[in-house]
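In order, the protein sequences belong to chains A, B and C. Just so we're aligned: 83 in my numbering is position 83 of the first sequence, and the numbers increase by one with no gaps anywhere. Just so we're aligned: 313 in my numbering is position 313 of the second sequence, and the numbers increase by one with no gaps anywhere. Just so we're aligned: 282 in my numbering is position 282 of the third sequence, and the numbers increase by one with no gaps anywhere.
None of these hints come from the bench; they were simulated from the model. Ideal placement from N, C-alpha and C gives every residue a C-beta, glycine not left out. Hints are supplied without guarantee of correctness; some may be wrong.
Covered stretches of chain B, as calculated for chain C (at least 3 residues, CB under 8 Å) [what the hints assert, rightly or not]:
| no. | region |
| --- | --- |
| 1 | 346-356 |
| 2 | 483-495 |
As a list, the in silico EDC-like pairs of lysine to aspartate or glutamate whose alpha-carbon atoms are at most 20 Å apart [what the hints assert, rightly or not]:
| no. | chain 1 | residue 1 | chain 2 | residue 2 |
| --- | --- | --- | --- | --- |
| 3 | B | LYS226 | C | ASP56 |
| 4 | C | LYS175 | B | ASP297 |
| 5 | B | LYS136 | B | ASP116 |
| 6 | A | LYS263 | A | ASP236 |
| 7 | C | LYS70 | C | GLU84 |
| 8 | B | LYS229 | C | ASP88 |
| 9 | B | LYS448 | B | ASP465 |
| 10 | B | LYS448 | B | GLU417 |
| 11 | A | LYS83 | C | GLU217 |
| 12 | B | LYS413 | B | GLU402 |
| 13 | A | LYS196 | A | ASP236 |
| 14 | A | LYS104 | C | GLU234 |
| 15 | B | LYS340 | B | ASP498 |
| 16 | B | LYS173 | B | GLU417 |
| 17 | B | LYS173 | B | ASP186 |
| 18 | B | LYS224 | C | ASP104 |
| 19 | B | LYS386 | B | GLU525 |
| 20 | B | LYS62 | B | GLU192 |
| 21 | A | LYS83 | C | ASP144 |
| 22 | B | LYS132 | B | GLU192 |
| 23 | B | LYS136 | B | ASP297 |
| 24 | B | LYS446 | B | GLU417 |
| 25 | A | LYS263 | A | GLU356 |
| 26 | B | LYS132 | B | ASP116 |
| 27 | B | LYS229 | C | ASP104 |
| 28 | B | LYS179 | C | ASP104 |
| 29 | B | LYS177 | B | GLU192 |
| 30 | A | LYS83 | C | GLU234 |
| 31 | B | LYS229 | C | GLU217 |
| 32 | B | LYS61 | B | ASP274 |
| 33 | B | LYS446 | B | ASP456 |
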Amino acid sequence: MSDQTLRAPQTVTRAPRARHGDEEAYLEVTDLHVQFPTADGRVHAVQGLSYSLPLRRTLAIVGESGSGKSVSSMAILGLHDPKSTWISGSIKVGGKEIVGMSQKDLMHYRGVDAAMIFQDPQSSLHPYFTVGDQIMESYRTHNNVSKRAAKARAIDMLGRVGIPNPGRRVSQYPHEFSGGMRQRAMIAMALVNDPKLLIADEPTTALDVTVQAQILDLIADLQRDFGSAVVFITHDLGVVAEISDDILVMYAGSAIEHGPVDKILGQPLHPYSWGLLESIPAVSGTPGPLHPIPGTPPSLLAVPSGCPFHPRCEYRDRVPDDLCRTLKPELIPRTADTGRTSRCHLKEPDRIFETEVLPRLP
Amino acid sequence: MARRFKVAVAATAAAALGLSGCGSPSAKNDSGKADTGQIQAQQSATDPDAKGPAPDVAGAKKGGTITVYAQTTPSTLDPTDTYYTDSNEIEKLTFRTPTQYAIRKGQPVLVPDLTDLGTVSSDNLTWTFKMKGTFKYEDGTDVKVEDLAYAVKRSFAHDVFPNGPAYQLSYFKDGDKYKGPYASGDNYAGVETQGTDTLIIHLAKPFSDLPFYLTFPAFTPIPKAKDTKQDYKNHPLSTGPYMFDQFVPGTSLTLKKNPNWDPATDPVRHQYADTWSFKWGGELVSTQQKVLNSAGDDANAIQYEEIDASLVPQLTGEKKKQLLTGESPCLYVLNIDTRKITDINVRKAIAKAQPWDALSKANGNNEYTSEPASTFLPPGVPGHTKYTPFPDLTGTGAGDPEGAKKILTDANKLGFEVSWYYDNTKPIPQQISNIRADAMTKAGFKVKAIGVATADLRAKVSDYDAPVNLNQGPRGWCSDWPTGSSWLPVMFQSKAIDEGTAWGFLQDKTLDQKIEDVAKLPTNEATGKWAALDQEIMGQYVALPWYYTKMAIVVGSGIGGAVGDATVGMPFLPDLFVSS
Amino acid sequence: MLLYILRRVLSAISVVIVTVVASFMLFFVAPTDPAGVICGPRCTPERLADITRSLDLDQPALEQIGLYFKGIVAGRTYTAGGVERHCDAPCLGYSYVLGVPVTDLLARAVPVTLSIVIGGATIYLLVGVLVGTTAARLRGTSLDRAAVGSSLVIGSVPYFVVALIIALYATFLPKSQYTSFFQNPGAWASGLLAAWLCLGLTNSASYTRYSRASMIEAMGQDFTRTARSKGISERRVVYRHGLRAAMTPVVTIFGIDVAYQLVNTIFTERIFQLPGLGLRLLNAFNQYDLPVLMGGVIVGAVVLVTMNLVVDILYTVLDPRVRLG
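Excised from the complex, chain A in its bound form (with noise of 0.2 Å):
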């Protein structure tokens, strides 16, 4: 019903991609709650988030910062310290359950199973070690094969990433490489063991423009070529639209929106999406005030009683009973519509959308 064309100003516009996908979840996080004692009190920085993703399909999960986004893709990987961190609910990663599994097991996993690219890779990759030795060592831990044998497979990634004159760079230090050929290694070191999972944490937020373009366009080729999931993590709205399948906003350590990203781009069901396409600054078109959504989000020693994003919504009193700070609504249909679910306690969201918040989009 609605119109489907996006308000994502700074991507280029091209043709959808082929959407493939399995039905078997390779990826199946459970009720995942993440938890950190600090000496000011416990920071709930996952709250019971669930979802599934299978091979060949690409999973956005978008929020703003503290809102347990890279918090919940770390666990996948195992990465918090078990000393500092506590897990509850499970994780399955080709049916492995990550959470509890113990540090050896847990070394087998990473990088094979499962593998991470990181938001700078400047930062990400060592300073002191060429390029093409990070990505032996990744493949030698696993692999047991001669040097000569993982240097020629280090080359070979960084031909695949699109890096030109690979037999001369892979004995290049991080720092001699531009943005966005360092973020290009930073993924052949991440593919270099055929992970069929592969989770990318906001990968072009330190690019500019043009290079992002084409980050994306690798990370969806390689995800053709082998055949594997990805989760990408972002803020970026434009990004979301042009690489992924599912989206799954997050905000304050909870899902608050899941499903096919065109429906949920297309026509949001929660108060926070809304409030999410209303900040976009329009390109075209008449200038306007800009319309942030009002409010901070909340710290995550004290997330807010019932919904969390009741304190900023500007349609809470449209539930009776005062239910939106009493009782935390559950991530379901909330339309006729199955396949997207939301966390909402308003009804018919579908029409609020339509008769409110559309028109005043620009």
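Chain A is fixed; fit chains B and C onto it per the hints.
Just chains B and C now, kept in the frame of chain A:
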């Protein structure tokens, strides 16, 4: 004319005390404790018939290594260049001289070493010494009488060896003209040899103490062919029981046994220990503490500098045995310039005003290292008689400002200005100067104390034309040999002003003659007369005696045979052995 | 790189030259008369003049400096009283007090100081890094607190107190003395053990702190997280990735520190009776032996400047991002 401080520089350094400059005054003990051992007066003894071997020290054992520590490094071990007491004593282990002192019952006795004690001609200007036997150097070659003569000639090369003793320059014939064998060649009228065993010395003026003077290392024989000039000090040829093994200048020296030393010819020395190991430069108090603790190897060690006051409280029980005390031929005075302070009453007032006890305390004097003085000749020098001290000249007392003021007032000299130099960069000299200044101001003097830096002090204090009238140098004096003639003629004749060794700045022709007459007498006859002169000069209040030094050093618990060498105020090294 | 080193060496030489000239000027301004010092207590004017002439002290200042530098390059001959003394290049002058060439004195003393510092520095670097990195790994535990606490205590005790205690009461340690390494390596090591322990213990405190802080920072870096995500063993992450990055600042501090130690061993040498540079210079200072002091100044300047250069070059080896020139 000699000063024999253990320290090379800064004449004001208190030779009797350790030199770190932070010595704290010792706990004030009543002097008069019997166990500190009052200094004994002793007769100068000579024993012309003494023969080797030297009598064994009781309990002596052979073997072992003796380690010797000191903070101040001897500047040289070249015998011709040696003057200071530390090198002098060390060289008793390696160099035999024409005559030498043996220590008997704690007293030094002059005995023949390489030659007899000498006979003098009737005009007192020619001395003849005959070698008593045959002797070898460490390399097996024979000691020739020409070598003795060469050593005498070498002692005139004062440009190459500026630190050696210099009496020969004024007493020996042509001493003022001859500049040593390198510059003036071999022909020197002052010394000749006869035959294979006779050494003859020609004098410019009578020198009755010449036999004592020849104990100096400068007169050890040196073969001309082996004289490597300024390199000789790195390995001088030994005639004594020990020879150089390894020498690191300014740092360490090891001596090993000299196989060519024949004990049967040596009335003085022994060869008990196998090796000697000298180590210089270590921090004074901590090395003394190590020797006192005597743990491990340190039990066979000694530290030959004066014991620091801070260690004195540890000397109880068994540890008391580790303190070696002895005599040291030095006296400290407050020098008065009688050319500027001509009124004896003013000088008496100065004496009355001195707070000797407070000054001694500030100086860090303790009962082991010093004794208050009342005569010029220290105990240990024959001629020393403990005559009734003159008023206020006892080196003790709190000072009497009122009494002094009265004397001044009576003499119409109230407000008389007194002035002196002091080192204003070191705590102890500053304190002493302040105490003195306070006391004398209270006594009615006008005080002008001039502070100067350490580096300038020596020059200022030896400048006899400087505009001060008190405390010019030398502030202390140690005799070069134990007779009165190394004291009174040196300090009190009018020539002393030119030579820079004046006490009192006297220019009394009558006194000069009196001193000359006594100096001409043979040593034993002179002794009593020196005592009388001592008392006569003291009564003029020209230099106020403060304290005699005493030797007090720590030895390890494994060291035996320790006795003091009163001629230099050091432990007598040739008698030491390792007892465990 | 070679060009850079060449440039640095040239600038180092000019720094040393300036230092020498400056010290020379200081000694001229200083209130002592070197000839008077050598002349001794019974100085006559003639003797004083002779000594002054033989040491070229009557020449104008610039001449003297020139002669001094010429001596360093080509050797020098002194004459006094008909005797010639030849001082081989590099001639740093003649000790007034001991009458031996300064170069000989210092050449004997420098290996001792070097030995003291090498051994001591190795100990404090190893101990400091070991304890510091362990403390960083066990951060927050009681072991970490104990390590930091004890390093604080040790670091607060004045150095000479520790030295005195060890020298006087640690008699179970082998006797402190210097034997040349080339003569007897075993005796060399055992004679220096007490001094090494003293130096090592007291200085390890600060290296514990540096290492710990640096390690904590390194372990918090993004690349550590990346390394872990590759499935590398924790040990490899800590040592290959973390320690390697953490050591760069520590090693550079160490380089400068060693230079500083080389010219500051006076306490150690005095208390442990080791005849090194510090003791030699202290004696020279007490005896107004100016040529030895000058020689010491030159040695000190050369050491510091060299260590600076070494550290800078080392830094490029450690951190490939740094480029010199």
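Comparing the hints with the structure gives:
Check on the region 346-356 of chain B: 0 of its residues sit with their Cβ under 8 Å from a Cβ of chain C, so the three-residue criterion for coverage is violated. Look at the region 483-495 of chain B against chain C: 0 of its residues bring a Cβ nearer than 8 Å to a Cβ of that chain, fewer than three, so the hint is violated. Note on B:LYS226 and C:ASP56: the hinted pairing is violated, with a Cα-Cα distance of about 29 Å set against a maximum of 20 Å. Distance restraint check for C:LYS175 and B:ASP297: the Cα-Cα separation of roughly 8 Å lies within the 20 Å cut-off, and the hinted pair is therefore satisfied.
For the proposed pair B:LYS136 and B:ASP116, the alpha carbon gap of about 17 Å is at most 20 Å, so the pair holds. Restraint check for A:LYS263 and A:ASP236: the C-alpha separation of about 17 Å stays at or below 20 Å, so the hint holds. About 18 Å separates the Cα atoms of C:LYS70 and C:GLU84, which keeps this hinted pair within 20 Å; it holds. Taken as a hint, the B:LYS229 and C:ASP88 pair is honoured in the structure, with Cα atoms around 17 Å apart against an allowance of 20 Å.
With a C-alpha separation of about 17 Å, the suggested pairing of B:LYS448 with B:ASP465 holds against the 20 Å cut-off. As the CA atoms of B:LYS448 and B:GLU417 are separated by approximately 7 Å, the hinted pair is consistent with the 20 Å bound. Only pairs whose Cα atoms come within 20 Å are accepted, and A:LYS83 paired with C:GLU217 is accepted, the gap being roughly 18 Å. Pair hint B:LYS413 plus B:GLU402 holds up; C-alpha atoms about 14 Å apart against a cutoff of 20 Å.
For the hint linking A:LYS196 to A:ASP236, the alpha-carbon distance of about 25 Å lies beyond 20 Å, and the restraint is violated. Pair hint A:LYS104 plus C:GLU234 holds up; C-alpha atoms about 9 Å apart against a cutoff of 20 Å. For the hint linking B:LYS340 to B:ASP498, the alpha-carbon distance of about 17 Å falls within 20 Å, and the restraint holds. This hinted pair does not check out: B:LYS173 and B:GLU417 have alpha carbons roughly 45 Å apart, beyond 20 Å.
Only pairs whose Cα atoms come within 20 Å are accepted, and B:LYS173 paired with B:ASP186 is accepted, the gap being roughly 15 Å. As the CA atoms of B:LYS224 and C:ASP104 are separated by approximately 26 Å, the hinted pair breaks the 20 Å bound. Between the alpha carbons of B:LYS386 and B:GLU525 the distance comes to roughly 19 Å, so the proposed pair stays at or under 20 Å and holds. Distance restraint check for B:LYS62 and B:GLU192: the Cα-Cα separation of roughly 41 Å exceeds the 20 Å cut-off, and the hinted pair is therefore not satisfied.
Taking the CA atoms of A:LYS83 and C:ASP144, the gap is near 15 Å; set against the 20 Å cutoff, the hint holds. As the CA atoms of B:LYS132 and B:GLU192 are separated by approximately 17 Å, the hinted pair is consistent with the 20 Å bound. This hinted pair does not check out: B:LYS136 and B:ASP297 have alpha carbons roughly 33 Å apart, beyond 20 Å. This hinted pair checks out: B:LYS446 and B:GLU417 have alpha carbons roughly 4 Å apart, not beyond 20 Å.
Note on A:LYS263 and A:GLU356: the hinted pairing holds, with a Cα-Cα distance of about 18 Å set against a maximum of 20 Å. Restraint check for B:LYS132 and B:ASP116: the C-alpha separation of about 6 Å stays at or below 20 Å, so the hint holds. Restraint check for B:LYS229 and C:ASP104: satisfied, since their Cα atoms lie roughly 18 Å apart, inside the 20 Å limit. At most 20 Å may separate the alpha-carbon atoms for a hinted pair to count; B:LYS179 and C:ASP104 exceed this at roughly 29 Å.
Restraint check for B:LYS177 and B:GLU192: the C-alpha separation of about 17 Å stays at or below 20 Å, so the hint holds. The suggested pairing of A:LYS83 with C:GLU234 holds, with an alpha-carbon distance near 14 Å, which does not exceed 20 Å. Distance check on the hinted pair: B:LYS229 and C:GLU217 sit about 65 Å apart at the alpha-carbon level, beyond 20 Å; violated. A threshold of 20 Å between alpha carbons decides the hint, and for B:LYS61 with B:ASP274 the separation of about 11 Å falls inside it, so the pair holds.
For the given pair, B:LYS446 sits about 24 Å from B:ASP456 by alpha-carbon distance, which is inconsistent with the 20 Å threshold.
Of the hints listed earlier, those the structure fails to meet are numbers 1, 2, 3, 13, 16, 18, 20, 23, 28, 31 and 33, in rising order.
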